[in-house]
Amino acid sequence: MIGPNQDRSTFVPIHRDLSDRLAKTACSISDKLQLSLQRLEATGAFDSGQMRLIEDEFAAVWGSEDSFHHISLLQPGDQIEHFVIDQLLGCGGEAHVFRAHEAGTGKVFAIKVLHNARTSERFHREMKMVQQVAHPNIVTAYEVGEIHGMPYIAMELMQGPDLNAMVADSGPMDWRRSSAYILQVVRALAHAHCRELVHRDIKPGNIILNGDDQVKLVDLGLASMRIGSLEEETQSFNLTRETQIAGTLPYMAPEQAKSLSRADVRSDIYSLGATWFYLLTGKVRVRGKTFSRQYRNLVSKRRFREISTDCLPPNLFQIFSKMVAYDRRQRYQSCLALEQDLGKALEDLGQSVTSQQLSVLIVEDSQSDMLLAVELLKMANDSLMIHQATCLSDGIEIQDEHSVDLVFLDLTLPDSAGVATVERFRAEHSEVPIVVLTGLSDEQVAEGCVNAGATDFICKDELTAHQLERVIFVTFSRHAALEN
5 MIGPNQDRST FVPIHRDLSD RLAKTACSIS DKLQLSLQRL EATGAFDSGQ
55 MRLIEDEFAA VWGSEDSFHH ISLLQPGDQI EHFVIDQLLG CGGEAHVFRA
105 HEAGTGKVFA IKVLHNARTS ERFHREMKMV QQVAHPNIVT AYEVGEIHGM
155 PYIAMELMQG PDLNAMVADS GPMDWRRSSA YILQVVRALA HAHCRELVHR
205 DIKPGNIILN GDDQVKLVDL GLASMRIGSL EEETQSFNLT RETQIAGTLP
255 YMAPEQAKSL SRADVRSDIY SLGATWFYLL TGKVRVRGKT FSRQYRNLVS
305 KRRFREISTD CLPPNLFQIF SKMVAYDRRQ RYQSCLALEQ DLGKALEDLG
355 QSVTSQQLSV LIVEDSQSDM LLAVELLKMA NDSLMIHQAT CLSDGIEIQD
405 EHSVDLVFLD LTLPDSAGVA TVERFRAEHS EVPIVVLTGL SDEQVAEGCV
455 NAGATDFICK DELTAHQLER VIFVTFSRHA ALEN
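The opening residue of the sequence shown carries number 5 in the numbering used here; numbering runs sequentially from there.
Rather than coming from a laboratory, the hints here were simulated on the basis of the structure. Since the structure is predicted, the reported quantities are computational estimates derived from the model, not experimental observations. It is possible that part of the hints are untrue.
[As the list claims (entries may be wrong)] Quick list of in silico lysine to any residue cross-link-like pairs, SDA-like style, CA-CA up to 20 Å: (1) LYS348 to ASN301; (2) LYS305 to PRO258; (3) LYS262 to SER304; (4) LYS326 to GLN135; (5) LYS262 to GLN218; (6) LYS348 to ARG181; (7) LYS382 to GLN360; (8) LYS287 to ASN301; (9) LYS326 to GLU343; (10) LYS382 to ARG181; (11) LYS326 to GLN360; (12) LYS326 to ASP352; (13) LYS326 to VAL288; (14) LYS326 to ASP314; (15) LYS382 to HIS406; (16) LYS326 to THR313; (17) LYS287 to ILE311; (18) LYS262 to THR313; (19) LYS382 to GLU200; (20) LYS326 to GLY347; (21) LYS305 to GLY292; (22) LYS305 to ASP352; (23) LYS305 to VAL357; (24) LYS326 to ALA341; (25) LYS348 to ALA184; (26) LYS326 to ARG297; (27) LYS287 to ALA194; (28) LYS382 to LEU467; (29) LYS287 to ARG266; (30) LYS382 to ASP352; (31) LYS287 to PRO258; (32) LYS348 to GLN360; (33) LYS287 to VAL328; (34) LYS293 to ASP314; (35) LYS348 to SER363; (36) LYS382 to ARG180; (37) LYS305 to GLU259; (38) LYS382 to VAL408.
With these hints in hand, go ahead and build the complete structure from the sequences.
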């Protein structure tokens with residue numbers, strides 16, 4: 005998070021030479037479009053109405069190509085807002101993903117930039133959805149924006165690889181490792197579902213390893229705001245061509261394959277079960293070598309590969325079977341129920357099921373100022389462990405005992421006030437990120453706090469639970485980001 009005290013005038017939106025390259029590309033594409041239209045009109049085969057339709061279609065196609073060329077021109081050293089491009093990490097069907105570092109801090113992030121105008125609706129949906137969730141097993145998005153007509157998301161950089169690549173390179177996993185990863189994703193989905201978000205594209209490639217033991221769920225581009233109600237998007241997709249299906253067929257629930265609008269939380273559970281099958285076997289569960297055969301086997305013929313009894317202990321096999329039941333009424337009806345059963349089964353097998361939590365210390369003398377936000381946050385996000393203190397000395401003592409991950413520090417405490425509060429806490433604990441809580445809008449005070457060692461500051465007046473949650477995860481993730 006860029007603190008309000010930081011001077012954004014020091015950040016160059018985009019290098020001048022890049023702007024020149026983009027302008028030249030745009031002119032080149034415009035010239036090609038006009039030349040093609042002139043040649044068609046010269047044939048005399050089309051009337052004015054037909055030519056208008058052709059021009060509209062050309063504009064749509066060339067517009068997508070235009071965006072693609074713009075992004076392909078991004079080079080190491082180019083800047084998007086305050087992020088400096090380091091290298092291209094990958095290019096998928098809808099976006100380029102770049103490794104970039106933040107000017108001034110050297111922190112490293114991932115920048116996802118759209119390159120196809122036809123998928124802008126899905127991309128903008130993702131830009132909105134990633135800001136609705138905050139969980140240790142969901143990738144943290146820091147900010148969204150647009151540069152030269154190209155929307156982008158700045159997010160934490162995962163160490164990788166994704167689980168699809170991991171199995172492809174190293175072979176299937178055993179039940180211990182795979183079930184540990186599946187449990188983490190169950191918890192991530194339980195969080196998303198509680199926010200009324202259905203992911204709709206759960207697959208191994210959207211689960212990325214971040215260190216030895218942690219995985220994170222990515223790509224909310226197909227997510228919908230739908231839980232137990234009609235979804236705005238009710239279009240039923242024609243599934244006769246692979247390019248017209250929304251989602252990834254081998255991991256898709258049957259009802260979603262028939263119509264995207266039918267997908268609900270149980271569809272995510274099915275997809276996670278299909279993902280678990282892949283982790284255990286190295287193969288997709290639905291049979292068929294072609295898309296059309298896979299579709300028929302999934303939707304009507306119900307032809308699936310069976311999992312060997314050697315792959316899973318009996319209690320885990322029962323859970324897996326319930327996750328991938330063809331009739332969604334026979335599946336787990338919520339990820340909370342699935343988490344309970346899976347956690348108990350793993351405990352019975354002697355496996356650790358401890359969930360990762362972020363511990364947060366709030367040092368605030370007037371608890372009523374943030375009482376509602378804190379209590380709502382406790383209820384809404386069980387991945388947070390919140391400690392509270394009413395004076396600086398108690399806050400330092402709690403940090404001594406618990407080594408929390410993030411500290412919120414008020415500037416008007418019974419035993420300390422102003423910038424000295426930050427200085428005293430920082431003198432005792434030099435590494436933990438500190439976010440200053442203030443009712444003041446005085447930027448000089450805020451700048452003084454940052455100079456004294458605070459990571460950032462926020463105004464506590466009318467601070468909502470969602471805003472507090474976002475500050476916690478974004479600040480912690482940025483603090484933990486690798487240096488360039």
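Verification of the hints:
| no. | hint | result |
| --- | --- | --- |
| 1 | LYS348 to ASN301 | 33 Å, violated |
| 2 | LYS305 to PRO258 | 11 Å, holds |
| 3 | LYS262 to SER304 | 10 Å, holds |
| 4 | LYS326 to GLN135 | 31 Å, violated |
| 5 | LYS262 to GLN218 | 33 Å, violated |
| 6 | LYS348 to ARG181 | 16 Å, holds |
| 7 | LYS382 to GLN360 | 15 Å, holds |
| 8 | LYS287 to ASN301 | 15 Å, holds |
| 9 | LYS326 to GLU343 | 13 Å, holds |
| 10 | LYS382 to ARG181 | 30 Å, violated |
| 11 | LYS326 to GLN360 | 26 Å, violated |
| 12 | LYS326 to ASP352 | 19 Å, holds |
| 13 | LYS326 to VAL288 | 17 Å, holds |
| 14 | LYS326 to ASP314 | 18 Å, holds |
| 15 | LYS382 to HIS406 | 18 Å, holds |
| 16 | LYS326 to THR313 | 15 Å, holds |
| 17 | LYS287 to ILE311 | 10 Å, holds |
| 18 | LYS262 to THR313 | 31 Å, violated |
| 19 | LYS382 to GLU200 | 18 Å, holds |
| 20 | LYS326 to GLY347 | 15 Å, holds |
| 21 | LYS305 to GLY292 | 11 Å, holds |
| 22 | LYS305 to ASP352 | 36 Å, violated |
| 23 | LYS305 to VAL357 | 37 Å, violated |
| 24 | LYS326 to ALA341 | 12 Å, holds |
| 25 | LYS348 to ALA184 | 12 Å, holds |
| 26 | LYS326 to ARG297 | 24 Å, violated |
| 27 | LYS287 to ALA194 | 26 Å, violated |
| 28 | LYS382 to LEU467 | 15 Å, holds |
| 29 | LYS287 to ARG266 | 26 Å, violated |
| 30 | LYS382 to ASP352 | 28 Å, violated |
| 31 | LYS287 to PRO258 | 18 Å, holds |
| 32 | LYS348 to GLN360 | 17 Å, holds |
| 33 | LYS287 to VAL328 | 15 Å, holds |
| 34 | LYS293 to ASP314 | 25 Å, violated |
| 35 | LYS348 to SER363 | 24 Å, violated |
| 36 | LYS382 to ARG180 | 31 Å, violated |
| 37 | LYS305 to GLU259 | 14 Å, holds |
| 38 | LYS382 to VAL408 | 16 Å, holds |
The earlier numbered hints that this structure contradicts are 1, 4, 5, 10, 11, 18, 22, 23, 26, 27, 29, 30, 34, 35, 36.
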